[in-house]
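Engineer: All chains, please: the whole structure from these sequences, using the hints.
Chains as they are written, first to last, in our numbering: chain A, 1 to 485; chain B, 1 to 453.
To be clear, the hints were calculated from the coordinates, so they are not data collected in a lab. Among the hints, erroneous ones may be present.
Residues from chain B shown here face chain A by an in silico Cβ test under 8 Å; the list is partial [to be verified]: (1) VAL49; (2) SER58; (3) GLY59; (4) THR63; (5) ARG127; (6) ILE132; (7) ILE138; (8) PRO144; (9) LEU300; (10) ASN303; (11) VAL305; (12) ASP313; (13) ALA315; (14) PRO382; (15) ILE399.
Distance windows between CB atoms, simulated [unchecked claim]: (16) A/GLU258 - B/PRO179: 54 to 60 Å; (17) A/GLU471 - B/ARG175: 25 to 31 Å; (18) B/TYR193 - A/ARG269: 54 to 60 Å.
Negatives, chain B to chain A, calculated, CB over 12 Å [claimed, not checked]: (19) ASP55; (20) HIS135; (21) TYR136; (22) ALA264; (23) GLU385.
For clarity, every value in this text was computed on a predicted model and none was experimentally measured. The C-beta atom is built at its ideal place from N, Cα and C for all residues, glycine as well.
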Amino acid sequence: MSADDESFHPLGQEWEDDLEAMLDDTEYDTDLGMQMAEDAMRVTKGELSEAEFHEQYHEDMMEEFGQDDRPTEQALEEMEANASNALEAFEGDEDMDRREMMKKMGAGAAFLGLGAAATFGDDEPSVDAAAQEDDDDNDGTQWGMVIDLEQCDGCLSCVQACAEENQLDAGVNWMYVLDYEDPEEDLNSGRQRLVRPCQHCSDAPCEKVCPTTARHTRESDGLVLTDYEVCIGCRYCQVACPYGVNYFQWDEPDVAAEAIDNDHVYDERGRPVDSRAPRGVMSKCTMCPSHQDGKQGEEMIGTTACETACPPDAIQFGDMNDSESAPQQYLDNVALTRAKSELAGNNFAPEEGLDYDELEEDDLDDAEEDLLEAVRILDGEDEPAEDDDDDGMTETEAERIVQGEEGSHASTFKLLEDVGTNPNVVYVGNEPGPNAEQTEGPVDYEQMDYERADNGEDQVLADVRKDVTDEGTVDLDYISERMPI
Amino acid sequence: MSTKTPNEDDILRPIRNTSKNYYILFGAALLAFAAFLVGWAYQLQQGLVVTNLSDWGSGGGVTWGLYIGAFIWWVGIAHGGIILSAAVRLLGMDRYMPVARLAEMLTLAGLSAAGFYIIVHMGRPDRMVTSIIGHYHITVHNSPLVWDVTVITAYFVLTATYLALTIRYDVTRLRDQLPDHFDPIYNVLTLGYSESEDKIIERMVWWLALAIIIMAPLLLHGGVIPWLFAVLPGMPAWFSAVQGPQFLTIALTSAISGVILISAAFRYAYDWDHIITDDVFRGLLLWLGFFSLLFLWLQLQQNVVGMFAAPLDTAVAQEATLFHPIYLLSMGMVFGTLVYIFAQTIRPSLFTRTRAMAAGVTVLLATLMEKILFVVEGFLHPTFEIYAATPGVYFPSLIEWLSLVGTVGMVVLFFLVLAKVIPVVELHAIEHLREDHGHEPVDESASKQEVEA
Ligand code: SF4
Ligand code: SF4
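Structural biologist: Given below as structure tokens:
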């Protein structure tokens, strides 16, 4: 929580506005309240003594409330303690919580609460302030993704990498990439492409409806997984998921269990949740627990197969609760990150930043040189020129170059956000409209394949799973094919 | 009214006599059931790939299809049956007493068929017990499927208790005339019976009936079964508060139709025209008409709300349903039945028992089609309909069709076997009819010849 410059209060302008609104709602004098609050802050900063503060407002207090029994130091201390406790209630940093808390405190207490809360000055962070600061970490890790749809080339590398990593059957596209078009011409802009893994929702309906707890959220990192040994294959999770990301194992999986390493099936808790599902149970994108659990080596933690495979770095996997993580860093300045990623080539890690020394040695063309210079300025590596007349780039110029190259427009969205699933995938780019319909992409699924772990043969991917499962459907054709006559 | 006075021999006839037709029917039902068991065995061996189901989404399939549609259909018949029988007991609708036990038996048979469908539908039926019971304390809080299993089990137990309680009375009194080889069963059924319990049992049955009537709309077919679908926000074809009442009307129409058919079959087979009189059929038809009207009324609600100015995804789903040939056919069939039923109340000469049976078959087929379509439509028009493969096509595979034949066979077998062991018409009903006979004029001349096989 940063203190706003305009606000007298360390909790910022918003907090101040809330208080003002709160006081407005009461019969008491708002101006007086705000004035007192401001001076209370000065007390905590040592600019005003407590005695002075008391003297200044004693008369007003008597007039307003008919009593004023504030001033003992002990009382103030008590009050501070109470208010601090109350403050813990709004760790979530939500307006609602604040408002509710203030209502509970009552208007009179709000007058004073302001002063008490003012002890969270910048200079001396209290325990509570510290708690507030690492607010995010209190929620623990929540793996998730930022996917930049404007960067995606539709090459299906991620789909292929996922299929290989998990040895999936044809058509079981845990990761799916689709191009779309909206019948309404005006709505067609940008690349019109969607990259669709499981959204690992924080309020996952698939988990809610599961009659067995096979579909569950892993406590340690928020991954939504399926326990292959508990699932009864009722398929209710697939029915309840609004995104259509689940794939049931309708028959024996192509790649036999023996060919798959146990480390790639059992996660750190010893539950079988990873790799292609055995027959009769449900599967979907797992966000690579074998990576996150360190079973593939330390360096793989915080990565997924699809992220690593993506040539233009459209996928950023990481802890959505950590402001320093790759996805959050990416969101911080999309254009700048896109530019850095372009300069760095494949597998740029936004959280680590650019290795400028290495870049200097590379052969860059003029445009790239300019981009690099602009990035250095925006990244704080180089000082910008003061004004246009000076040598070098100004900050404005740098911004113009980066945005000209990478686009200034970085709208973000979550898929079907109003359904209330709380997805953990954030998209950069345009959201497909409700009428959008999939069209053919640049690369066919059938053109992609991977090497099977059991026999080394090529497994060709398929777009539509039903085309594959139809082969096993017992209909007249099926019978006539198998009849000796 | 028939001139014949119903007596105990009448209701014992199914137990004592076995006609050639009985054997034929038994054989046919067994064959139907066995055929499906073979199909199921193949499914267990190959996996659910033998169905025409597949993944919705990029897969372009429907993940629930005929199995689940038929599951709701059977549950509907079962629930309607017990509601019917409970209403008869609770409201003292004596006219229907001769068919009350048939309705209860239909409930047990229907629930068995539905339970069987749950198992058939699963990818790993072998884990049902460990996975569901083992986590019951957690999942019961939010999984509608767990609610379903709970309530279906509870209703099975409730209905079986209900049936067992009323059977004690009959079996004790008819004991001497019942075949000796079933003695162990009768001994268990009448364990600790004394005449003084009759009054208590009567009250218990009344309370059970009350509980069933109250729970039916709140929990059962107006509750947990529709909630399987109605609570899912991503599926606009289902997401609607009208599903509860809708399901209940479908359950009642299906159940009444089922009772009409089974009663007609028993009447035909055992010359029970003086027990299950035309009056009973006329009355059942009227109820069928009434619930068909409610059924169509709720469909109308759904269509008007879904088409007028609905949110985009709802409108798309509703339009697709409304203009689907199966939907139109199904609604047309119910509507046609309704027209016939109202016509025959105005002009009684239009009534025949065959037509009543035809009405029953028509409604049962219509509700079955509606149920399967209802399930499938959800996957064809989800909110997230961006996938090129969606809406896909689904036509049940041979094994799926066979499951319908098999479960019908299973239910027929259930009746054939049970009718051999216990009286399917209550002694109470006979006693009651005899009382009526005492002071009612004999107005029907033609009494059928008793043809004993
Ligand atoms: S997208 Fe959300 S609801 Fe769907 S499977 Fe993943 S976690 Fe479950
Ligand atoms: S298919 Fe498996 S994971 Fe999905 S809801 Fe059923 S039991 Fe749970």
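Engineer: Decide, hint by hint, whether the structure agrees.
Structural biologist: Evaluated hints:
With a cut of 8 Å, the hint placing B/VAL49 at the interface with chain A holds, because the nearest CB-to-CB distance is about 3 Å. Given the 8 Å rule on beta carbons, the hint for B/SER58 holds: about 5 Å separates it from the nearest Cβ of chain A. Restraint check, B/GLY59 versus chain A: the minimum CB separation of about 3 Å is within 8 Å; hint holds. Interface restraint check for B/THR63: the shortest CB-CB distance to chain A comes to about 5 Å, inside 8 Å, so the restraint holds.
A least Cβ separation of about 5 Å between B/ARG127 and chain A falls short of the 8 Å threshold, and the interface hint therefore holds. For B/ILE132, the interface hint holds, since its Cβ comes within 8 Å of a Cβ in chain A; the closest pair sits about 6 Å apart. A hinted interface residue such as B/ILE138 counts as satisfied when its beta carbon comes closer than 8 Å to some beta carbon of chain A; here the least separation is about 6 Å, so the hint holds. Interface restraint check for B/PRO144: the shortest CB-CB distance to chain A comes to about 6 Å, inside 8 Å, so the restraint holds.
Against a cut-off of 8 Å between C-beta atoms, the interface hint on B/LEU300 is violated, since the closest Cβ of chain A lies about 26 Å away. Residue-level restraint check for B/ASN303 is violated (minimum Cβ-Cβ distance to chain A is 21 Å; threshold 8 Å). Given the 8 Å rule on beta carbons, the hint for B/VAL305 is violated: about 19 Å separates it from the nearest Cβ of chain A. With its C-beta approaching chain A no nearer than about 7 Å, B/ASP313 sits inside the 8 Å limit, and its interface hint holds.
At a threshold of 8 Å, the smallest CB-CB gap from B/ALA315 to chain A is about 10 Å, leaving the interface hint violated. Among the interface hints, the one on B/PRO382 holds; its C-beta lies about 7 Å from the nearest C-beta in chain A, closer than the 8 Å criterion. The beta carbon of B/ILE399 is positioned within 8 Å of a beta carbon in chain A (closest approach about 5 Å), and the interface hint is therefore held. Distance hint check for A/GLU258 and B/PRO179: the Cβ-Cβ separation is about 58 Å, which falls inside the suggested range of 54 to 60 Å.
Taking the beta carbon of each, A/GLU471 and B/ARG175 are about 60 Å apart, not inside 25 to 31 Å as hinted. At about 56 Å, the CB distance of B/TYR193 to A/ARG269 agrees with the hint of 54 to 60 Å. Look at B/ASP55: its CB is around 5 Å from the nearest CB on chain A, not clear of 12 Å, so calling it non-interface is violated. Not every CB of chain A is more than 12 Å from the CB of B/HIS135 (nearest about 4 Å), against its label as outside the interface.
With a closest Cβ-Cβ approach of about 9 Å to chain A, B/TYR136 is found to fall inside the 12 Å limit, against its non-interface label. For B/ALA264, the condition that its CB be more than 12 Å from all CB atoms of chain A holds, with the nearest at approximately 35 Å. Not every C-beta of chain A lies more than 12 Å from that of B/GLU385, the closest at about 8 Å, which undercuts listing it as non-interface.
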